[in-house]
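**Student:** Sequence:
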Amino acid sequence: MLQTLETTDLKEARRSRIAQFSGRAATLKVGGSSVTGIVRAVKEDKTGETPRWIVTVMAQPARR
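Numbering (my numbering), first residue to last: 46 to 109.
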């Protein structure tokens, strides 16, 4: 399942970009919730005053 997340945290965006290029799963914490999965895309959105990044993640099912 693809999920699209939005973050203004530069560190999260950088971690997402590194995970995307290395092909590893990443755990992203956005708005108090966390999503673990393979990062498919990281796009910077410069339309507002503060920079933000749109991260697309292929979420992995939760482990039991």
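There could be a bad hint or two in this list.
Claimed, not checked - So the derived label-pair ranges between C-beta atoms look like this:
{"#": "1", "residue 1": "95", "residue 2": "68", "range": "27 to 33 Å"}
{"#": "2", "residue 1": "106", "residue 2": "53", "range": "14 to 20 Å"}
{"#": "3", "residue 1": "95", "residue 2": "69", "range": "24 to 30 Å"}
{"#": "4", "residue 1": "67", "residue 2": "93", "range": "16 to 22 Å"}
{"#": "5", "residue 1": "103", "residue 2": "56", "range": "18 to 24 Å"}
{"#": "6", "residue 1": "94", "residue 2": "67", "range": "28 to 34 Å"}
{"#": "7", "residue 1": "92", "residue 2": "70", "range": "16 to 22 Å"}
{"#": "8", "residue 1": "74", "residue 2": "96", "range": "26 to 32 Å"}
{"#": "9", "residue 1": "93", "residue 2": "70", "range": "27 to 33 Å"}
Unchecked claim - Once the Cα atoms are required to be at most 25 Å apart in a straight line, the calculated DSS-like pairs of lysine-lysine come out as:
{"#": "10", "residue 1": "56", "residue 2": "91"}
{"#": "11", "residue 1": "88", "residue 2": "74"}
{"#": "12", "residue 1": "56", "residue 2": "74"}
{"#": "13", "residue 1": "91", "residue 2": "74"}
{"#": "14", "residue 1": "88", "residue 2": "56"}
Source of the hints: derived by calculation from the structure; they are not laboratory data.
Note that beta-carbon positions come from the ideal geometry of N, C-alpha and C, so glycine has one too.
**Student:** Each hint: holds or not?
**Tutor:** Results of checking the hints against the structure:
1. 95 x 68: 27 to 33 Å: Between residue 95 and residue 68, where Cβ atoms are some 30 Å apart, the hint holds.
2. 106 x 53: 14 to 20 Å: violated, 28 Å
3. 95 x 69: 24 to 30 Å: holds, 28 Å
4. 67 x 93: 16 to 22 Å: violated, 29 Å
5. 103 x 56: 18 to 24 Å: For residue 103 and residue 56 the Cβ distance comes to about 21 Å; the hint holds.
6. 94 x 67: 28 to 34 Å: holds, 32 Å
7. 92 x 70: 16 to 22 Å: Once the Cβ atoms are compared, 30 Å apart, the range 16 to 22 Å for residue 70 and residue 92 is violated.
8. 74 x 96: 26 to 32 Å: Given range 26 to 32 Å: violated, Cβ gap about 18 Å.
9. 93 x 70: 27 to 33 Å: holds, 29 Å
10. 56 x 91: holds, 17 Å
11. 88 x 74: Given that 25 Å is the threshold and the Cα spacing comes to 17 Å, the pair holds.
12. 56 x 74: holds, 11 Å
13. 91 x 74: holds, 21 Å
14. 88 x 56: Cα-Cα ~14 Å, so holds.
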